[in-house]
Amino acid sequence: MSVPRAVAVRGNRPPGLLTWLLIRVTGLLLAVLVLGHFAVTHIVTDVAETGSTFVAERWGSALILGWDWLMLGAAVLHGAAGLRVIVVEYAPRTAVRVLTIALVALSAAMAVLGSVTILRVILAA
Amino acid sequence: MTTPQVAFLAALGLILVVVVAFAVLVVVTAARNTGDSGSSATIVLRLSRAPRDRVELGRWAFWAHRVSGVAIFAFLALHLVDVSLYTVSPGLYDEVHVLYGSVGLRLFECGLLVAILFHAFNGLRLLAMDLVDIGPLGARRLLSAVVALTLVLGAGGSAIILAPVL
Chain P
699 MSVPRAVAVR
709 GNRPPGLLTW
719 LLIRVTGLLL
729 AVLVLGHFAV
739 THIVTDVAET
749 GSTFVAERWG
759 SALILGWDWL
769 MLGAAVLHGA
779 AGLRVIVVEY
789 APRTAVRVLT
799 IALVALSAAM
809 AVLGSVTILR
819 VILAA
Chain Y
828 MTTPQVAFLA
838 ALGLILVVVV
848 AFAVLVVVTA
858 ARNTGDSGSS
868 ATIVLRLSRA
878 PRDRVELGRW
888 AFWAHRVSGV
898 AIFAFLALHL
908 VDVSLYTVSP
918 GLYDEVHVLY
928 GSVGLRLFEC
938 GLLVAILFHA
948 FNGLRLLAMD
958 LVDIGPLGAR
968 RLLSAVVALT
978 LVLGAGGSAI
988 ILAPVL
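These protein sequence lines are chains P and Y, in that order. To get this note's numbering, take the position in the first sequence, counting from 1, and add 698. To get this note's numbering, take the position in the second sequence, counting from 1, and add 827.
This is chain Y alone, in the form it adopts within the complex (with noise of 0.2 Å):
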């Protein structure tokens, strides 16, 4: 291991320790101001009613929407770094690079993949909210059609990143 690949791996050590503090502050902001307890019984609970009931599924893809865009984000901050070496060496990118091969980046790739699928489509479809009165019964069936959408492609897509490794 060189000392290029290890300040790489720190800094996408240190950007997923930063994306995980988020989502929890992100879910103990949400629990607090919806006096929401977070138990996984009042969970399946909710998500036991008929579907029209279901109104909080808006404010779970809301929270989602963010820890997956500060992930992106954070993750593209890195990704700047790394790309840049080529125009100082093409072999010190390549150096750095590699590890993008490796099983444990395929997985992170698996991870970043789902969170742009998942970003690329629900803003979508606040777009769509916000451009067409489509009542919040369609608000909750397109965000059905944004979690397929994301479970389907993210499936496939993992299947074909990790599928030389495997």
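The shape of chain P in the complex, shown without the other chains (with noise of 0.2 Å):
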């Protein structure tokens, strides 16, 4: 298949070219991540042994704080991304613009959230 010239119009780049990479890379990651999250912390450990003790012996690596991370970031930019299609498609013209703030601050408030938490524990330790 081939990109039509004419909406071709910054550079050489297809529009909506990078949105199409940041969901299909952080997708990719998150299919490891997520799926390595859940069974560490449902399959391989009962849920009723991860209370703080299980959090605190886990967060003691930089491996895993790393891990967690890299999973908040890559989970928020790729919902984000999605909810943003998911906007343009099912909301009403007038309302596109408001639901993008409302998106951007909750994926903003999510993130800072997130990372205030890891932050919190490395500091700590």
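Just so you know, the hints here were simulated from the structure itself, not pulled from any lab data. Take these hints with a grain of salt, some might be off.
[Unchecked claim] Footprint (simulated), chain Y over chain P, 3 or more residues, beta carbon under 8 Å:
(1) 721–728
(2) 731–744
(3) 750–762
(4) 776–784
(5) 788–802
[To be verified] Here are some chain P residues pointing at chain Y (derived, C-beta under 8 Å):
(6) Arg711
(7) Val819
(8) Ala823
Since the model is a prediction, treat every value here as computed from it, not as a measurement. Ideal Cβ placement from N, Cα and C applies to all residues, glycine included.
Hey, can you piece these two chains together into the complex? The hints should help.
In structure tokens form, the structure reads like this:
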């Protein structure tokens, strides 16, 4: 399939290529990070055994902290990009702008909350 | 039941309402756009055709991908809040976290697992379709593999998640 030339206005890059790349790259990361996270916290370990003692032990490892932070960033970017498409396709035209602003605010709040949590764990160590 | 626990369950209930409402929106919009009556008789007739003719399965996967994506993102928003309680105080984290081991939450976790499995495998299928020219029949065969993997791993995982309360 070829990209129609008329819509490729900015340089030679087809529109939407960056969003396409963002969703695919973060998605590939999440397939490993999220399935791994779920397997450790629900399959390998019973969920009732994943209280604060379990969290303290896991977050003593820089590898796990890095895993969780990468997973947070990838998930928020992936979800925000996906939800943006949903807003554009389902919301009434007049509501797209305000819903996009709300989506960006929610995603930013989630990224900040998760990052502050991880940073506080690092600083307390 | 303490206040943080009630707040957690109320937020989870709100999330479930949002996800169901979004699923209804997706199905209603899809039925309008495709002119599909959506009756179960029509669905059975469609599924009884030869596999190569069931092209609408790709559309159904597309809608299921959206609904599962919204569900996972909605849960993530709540999960970030309950995990952040750990840095407030480990005791407060445990107070809310104990709910995850209840029968109701374990059933929710089984649903979450199925949503994650489908979204992950179908997403990998979409990536494969973008990068390799596998054609419509190849895409449908891959979808069968996605559904099979989701059902098998979902059932196996659910059995492990529910085992302590059975």
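Exercise. Check, residue by residue, whether the stretch 721–728 of chain P contains three or more positions whose beta-carbon lies closer than 8 Å to a beta-carbon of chain Y, and give the verdict.
Key: Per the Cβ count (4), the hint holds.
Quiz prompt | Three-residue Cβ test at 8 Å for the coverage of the stretch 776–784 of chain P by chain Y | solution = Held - the stretch 776–784 of chain P has 4 residues with a Cβ nearer than 8 Å to chain Y, which meets the minimum of three.
Self-check item: Closest C-beta approach of Ala823(P) to chain Y relative to 8 Å, hint status
Solution: With a closest approach of 12 Å, the Ala823(P) hint is violated.
Quiz item: With a Cβ-Cβ cutoff of 8 Å, does the stretch 750–762 of chain P contain at least three residues near chain Y?
Solution: holds (count 3)
Quiz item: Within the assertion that chain Y covers the stretch 788–802 of chain P, do at least three residues meet a Cβ-to-Cβ distance smaller than 8 Å?
Solution: violated (count 1)
Quiz item: Taking 8 Å as the limit, does the beta-carbon of Val819(P) come near enough to a beta-carbon in chain Y?
Solution: 6 Å, holds
Quiz item: With 8 Å as the cut and Cβ atoms as the points, is Arg711(P) at the interface with chain Y?
Solution: 17 Å, violated
Quiz item: Mind checking, does the stretch 731–744 of chain P have 3 or more residues with a CB under 8 Å from chain Y?
Solution: holds (count 6)
Hints 5, 6, 8 from the list above are not met by this structure, while the remaining hints are.
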